[in-house]
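Engineer: One-letter residues, chain by chain:
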Amino acid sequence: MDIFFYIAAVVAILSTIMAISGRNAIHSLLFLILSLLAISVVFYVLNAPFIAALEVIIYAGAIMVLFIFVTMMLNIGLEQKQEKKWLNPQMWIIPSILAAILFIDLMFALKNMPSVIPGKQVILPKQVGISLFTTYLLAVEIAAILLMAGVIGAYHLGSQKKKVLHRFLIKK
Amino acid sequence: MLTVPVETQLLFAGILFFLGLIGLLVRRNLVFMLMSIEIMFNSAGLVFIIAARHWDQPDGQVMFIFILAVTAVEVAIGLALILQVYHHFKTLDVDAINKLKDNS
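Chains as they are written, first to last, in this note's numbering: chain A, 20 to 191; chain B, 2 to 105.
Derived from the structure by calculation, the hints contain no laboratory data.
One should not assume that every hint holds.
Said to hold, decoys possible - A partial selection of chain B residues facing chain A, derived with a Cβ cut-off under 8 Å: (1) Ala-53; (2) Leu-84; (3) Tyr-87.
Said to hold, decoys possible - Using 20 Å as the maximum straight-line C-alpha spacing, the simulated SDA-like pairs for lysine to any residue come out as follows: (4) A:Lys-145 / B:Phe-67; (5) B:Lys-91 / A:Met-91; (6) A:Lys-145 / B:Leu-11; (7) A:Lys-130 / B:Leu-82; (8) A:Lys-130 / A:Asp-21; (9) B:Lys-91 / A:Met-92; (10) B:Lys-91 / A:Ser-178; (11) B:Lys-100 / B:Leu-82; (12) A:Lys-130 / B:Ala-52; (13) A:Lys-130 / B:Pro-6; (14) B:Lys-91 / B:Ile-78; (15) A:Lys-130 / B:Ile-16; (16) A:Lys-145 / B:Met-64; (17) A:Lys-145 / A:Ala-72; (18) B:Lys-91 / A:Leu-93; (19) B:Lys-91 / A:Gly-177; (20) A:Lys-130 / B:Leu-11; (21) A:Lys-145 / A:Tyr-155; (22) B:Lys-91 / A:Ile-87; (23) A:Lys-145 / B:His-55; (24) A:Lys-130 / B:Ala-45; (25) B:Lys-91 / A:Ile-45; (26) B:Lys-91 / A:Leu-176; (27) A:Lys-145 / B:Ala-45; (28) B:Lys-91 / A:Phe-88; (29) A:Lys-130 / A:Tyr-25; (30) A:Lys-130 / B:Val-7; (31) A:Lys-130 / B:Ile-78; (32) B:Lys-91 / A:Arg-42; (33) A:Lys-130 / B:Gln-58; (34) B:Lys-91 / A:Asn-43; (35) A:Lys-130 / B:Phe-18.
Unchecked claim - Covered, in the sense of this in silico footprint (three residues per stretch, anywhere, with C-beta under 8 Å from a C-beta of chain B), are these stretches of chain A: (36) 43-53; (37) 62-70; (38) 77-85; (39) 143-152; (40) 159-171.
Yeah, the Cβ is synthetic: ideal placement off N, Cα and C, and Gly gets one too.
Okay, chain B solo, but in the shape it has when bound (with noise of 0.2 Å):
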């Protein structure tokens, strides 16, 4: 029997959200920009689950399920995107993509 309090699990997928975001603001390849928001996804499928768990509701895992398609569809679209940059830019610094900025 599980007796750790309802905090406690909510302060570890508090810290996993921050360290999803602390990545995606350190990072600059996009790879691992896309990884950090996967970690923040995840920890906030976190968040429903502790809430399933404290109401005994099934509510919160189907929730997840929800998270979890639109995270494959992210996934799938992020990466499909990242390939398309390699290719016309030849790099995956997101600094180094600034086409639209102006640099005169």
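Pulled out of the complex, with its shape left as it was, chain A reads as follows (with noise of 0.2 Å):
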């Protein structure tokens, strides 16, 4: 089992370095889609099936079909100008080394953590379930909230409001 992990989790670093340095927008979420399926095969590795699952079908399904359908609207393929402006490294090489810092800070405590041995048993959607209506039913009720603020959100900022000029100023 271990092997799979590994696999994945390479599959999974190697396309998302792809994702985060491509040039053109389509190809890098094809990328981004390919690093989410490499994740799920690495919740499913953890003993997490209905995770794997979820995360096949709402993140590389439907979230990414959004970036997808919004990237293609814009017609953004190749922008010269901003590529320029990203090879100058004067723009973001002191956030980068200063978040670097901060990497090899995390990685060294999780090095020097006790190591143990991780747990056996698959949870099933059964107990995800069970969980999610008894002990968090507030949350539950809470993100159905968000999800109605994000849709009338979302109408309101995507609705294309028409402009009202006065007559003399309507160009002909």
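Put the two chains together into one complex; each comes in its own frame, and the hints tell you how they fit.
Structural biologist: Below, the structure is given as structure tokens:
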């Protein structure tokens, strides 16, 4: 089983690197979908088959398709001006160094953690559902309100507002 | 039976989060920045799943479902905002969107 984890982890990391360093938005999104599929394999290996299915259906299926639709609507394939700015290292070198220091710090902290034997049993969707609708029922309702607010906000932001002009200002 | 130690699994999640952070810092395109935020959300969810496996409890998976809901809302609002920005400025470069900045 270990080999599945390592292969999926390497695929996920490599495809994420390709996704964040690509120039074409569509290609990057396809690499990101590949990364999400690899992470869903990791979820399956980690005794969470329900979450693996949700990752494929919702993340790779719904959210990424939304991304691809918007990218195709905006028709942004290549943006040379932006990429020239991106290649200017002064813009991001200091934040990247600071983030790398934090990352190395985190890695050392994890390395010095005492080694433990991971869990054994597969957590089935039934247990997840029971826990979701008993212990976390209030959180489910809050999530429902959040989704409702998201729907209203996205509708409001996405609707094209008609410009009302005085009749003298309308260009013929 | 998986015998990968928890540290290695957390290392994997940390690398993914770091890649998302680097993408957010480096890229100037709004779509790529939102993608990087997605990567970071996903690695945070991965940590929850690792913890759920470690303690043999379903609570981590429940938390992942909540992260999924929050992510879906965030993507919907974010993409609607990106569409509005594109309609106003005709570009997705965040460096071009500096109307609130004092240029005088």
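Engineer: All the hints need checking, so say for each whether the structure fits it.
Structural biologist: Verification of the supplied hints:
1. With a cut of 8 Å, the hint placing B:Ala-53 at the interface with chain A holds, because the nearest CB-to-CB distance is about 6 Å.
2. The criterion of a C-beta within 8 Å of any C-beta in chain A is met by B:Leu-84, whose closest approach is roughly 6 Å, and the hint holds.
3. Look at B:Tyr-87: its Cβ gets to within about 5 Å of chain A, closer than 8 Å, so that hint holds up.
4. As the CA atoms of A:Lys-145 and B:Phe-67 are separated by approximately 17 Å, the hinted pair is consistent with the 20 Å bound.
5. For the given pair, B:Lys-91 sits about 15 Å from A:Met-91 by alpha-carbon distance, which is consistent with the 20 Å threshold.
6. For the given pair, A:Lys-145 sits about 26 Å from B:Leu-11 by alpha-carbon distance, which is inconsistent with the 20 Å threshold.
7. At most 20 Å may separate the alpha-carbon atoms for a hinted pair to count; A:Lys-130 and B:Leu-82 exceed this at roughly 41 Å.
8. For the hint linking A:Lys-130 to A:Asp-21, the alpha-carbon distance of about 19 Å falls within 20 Å, and the restraint holds.
9. In summary, the hint linking B:Lys-91 to A:Met-92 is supported, as the alpha carbons are separated by about 13 Å, within the 20 Å threshold.
10. A hinted pair counts as satisfied when its Cα atoms are at most 20 Å apart, and B:Lys-91 with A:Ser-178 qualifies at roughly 17 Å.
11. A C-alpha spacing of about 16 Å is found between B:Lys-100 and B:Leu-82, which places the hinted pair at or below 20 Å, so the restraint holds.
12. A C-alpha spacing of about 17 Å is found between A:Lys-130 and B:Ala-52, which places the hinted pair at or below 20 Å, so the restraint holds.
13. The hinted pair formed by A:Lys-130 and B:Pro-6 meets the criterion: a straight-line CA distance of about 11 Å does not exceed 20 Å.
14. Restraint check for B:Lys-91 and B:Ile-78: satisfied, since their Cα atoms lie roughly 19 Å apart, inside the 20 Å limit.
15. In summary, the hint linking A:Lys-130 to B:Ile-16 is supported, as the alpha carbons are separated by about 14 Å, within the 20 Å threshold.
16. Of the pairs offered as hints, the one joining A:Lys-145 and B:Met-64 holds, with about 15 Å between alpha carbons and a cut-off of 20 Å not exceeded.
17. Simply put, A:Lys-145 and A:Ala-72 have alpha-carbon atoms about 14 Å apart, close enough for the 20 Å limit, and the pair holds.
18. Only pairs whose Cα atoms come within 20 Å are accepted, and B:Lys-91 paired with A:Leu-93 is accepted, the gap being roughly 9 Å.
19. Our distance criterion of 20 Å between C-alpha atoms is met by B:Lys-91 and A:Gly-177, whose separation comes to about 16 Å.
20. The straight-line distance between the Cα atoms of A:Lys-130 and B:Leu-11 is roughly 10 Å, inside the 20 Å bound, and the hint therefore holds.
21. Pair hint A:Lys-145 plus A:Tyr-155 holds up; C-alpha atoms about 14 Å apart against a cutoff of 20 Å.
22. Between B:Lys-91 and A:Ile-87, the direct Cα distance comes to roughly 19 Å. Compliance with the 20 Å bound is thereby established for this hinted pair.
23. Taken as a hint, the A:Lys-145 and B:His-55 pair is honoured in the structure, with Cα atoms around 19 Å apart against an allowance of 20 Å.
24. For the given pair, A:Lys-130 sits about 19 Å from B:Ala-45 by alpha-carbon distance, which is consistent with the 20 Å threshold.
25. Taking the CA atoms of B:Lys-91 and A:Ile-45, the gap is near 19 Å; set against the 20 Å cutoff, the hint holds.
26. For the hint linking B:Lys-91 to A:Leu-176, the alpha-carbon distance of about 17 Å falls within 20 Å, and the restraint holds.
27. For a cut-off of 20 Å, the pair hint linking A:Lys-145 to B:Ala-45 is broken: about 23 Å separates their Cα positions.
28. Between B:Lys-91 and A:Phe-88 the alpha-carbon distance is near 18 Å, which keeps this suggested pair within the 20 Å criterion.
29. As the CA atoms of A:Lys-130 and A:Tyr-25 are separated by approximately 18 Å, the hinted pair is consistent with the 20 Å bound.
30. Only pairs whose Cα atoms come within 20 Å are accepted, and A:Lys-130 paired with B:Val-7 is accepted, the gap being roughly 10 Å.
31. Straight-line distance between C-alpha atoms of A:Lys-130 and B:Ile-78 comes to about 38 Å, which puts the hinted pair past the 20 Å bound.
32. Between B:Lys-91 and A:Arg-42, the direct Cα distance comes to roughly 19 Å. Compliance with the 20 Å bound is thereby established for this hinted pair.
33. Our distance criterion of 20 Å between C-alpha atoms is broken by A:Lys-130 and B:Gln-58, whose separation comes to about 24 Å.
34. Distance hint between B:Lys-91 and A:Asn-43 is fulfilled; the C-alpha atoms sit about 18 Å from each other, no more than 20 Å.
35. This hinted pair checks out: A:Lys-130 and B:Phe-18 have alpha carbons roughly 17 Å apart, not beyond 20 Å.
36. Given a C-beta distance limit of less than 8 Å, the hint that chain B covers the stretch 43-53 of chain A holds, as 4 residues qualify and 3 suffice.
37. Counting residues of the stretch 62-70 of chain A whose C-beta sits closer than 8 Å to any C-beta of chain B gives 7, which meets the bar of three, so the coverage hint holds.
38. Counting residues of the stretch 77-85 of chain A whose CB falls under 8 Å from any CB of chain B gives 5; the rule of at least 3 is met.
39. For the stretch 143-152 of chain A, the stated coverage by chain B is satisfied: 5 residues place a CB nearer than 8 Å to a CB of that chain, which reaches the threshold of 3.
40. For the stretch 159-171 of chain A, the assignment as covered by chain B holds, since 6 residues bring a beta-carbon within under 8 Å of that chain's beta-carbons and 3 suffice.
Violation of the numbered hints given earlier is confined to hints 6, 7, 27, 31, 33; the remaining hints are satisfied by the structure.
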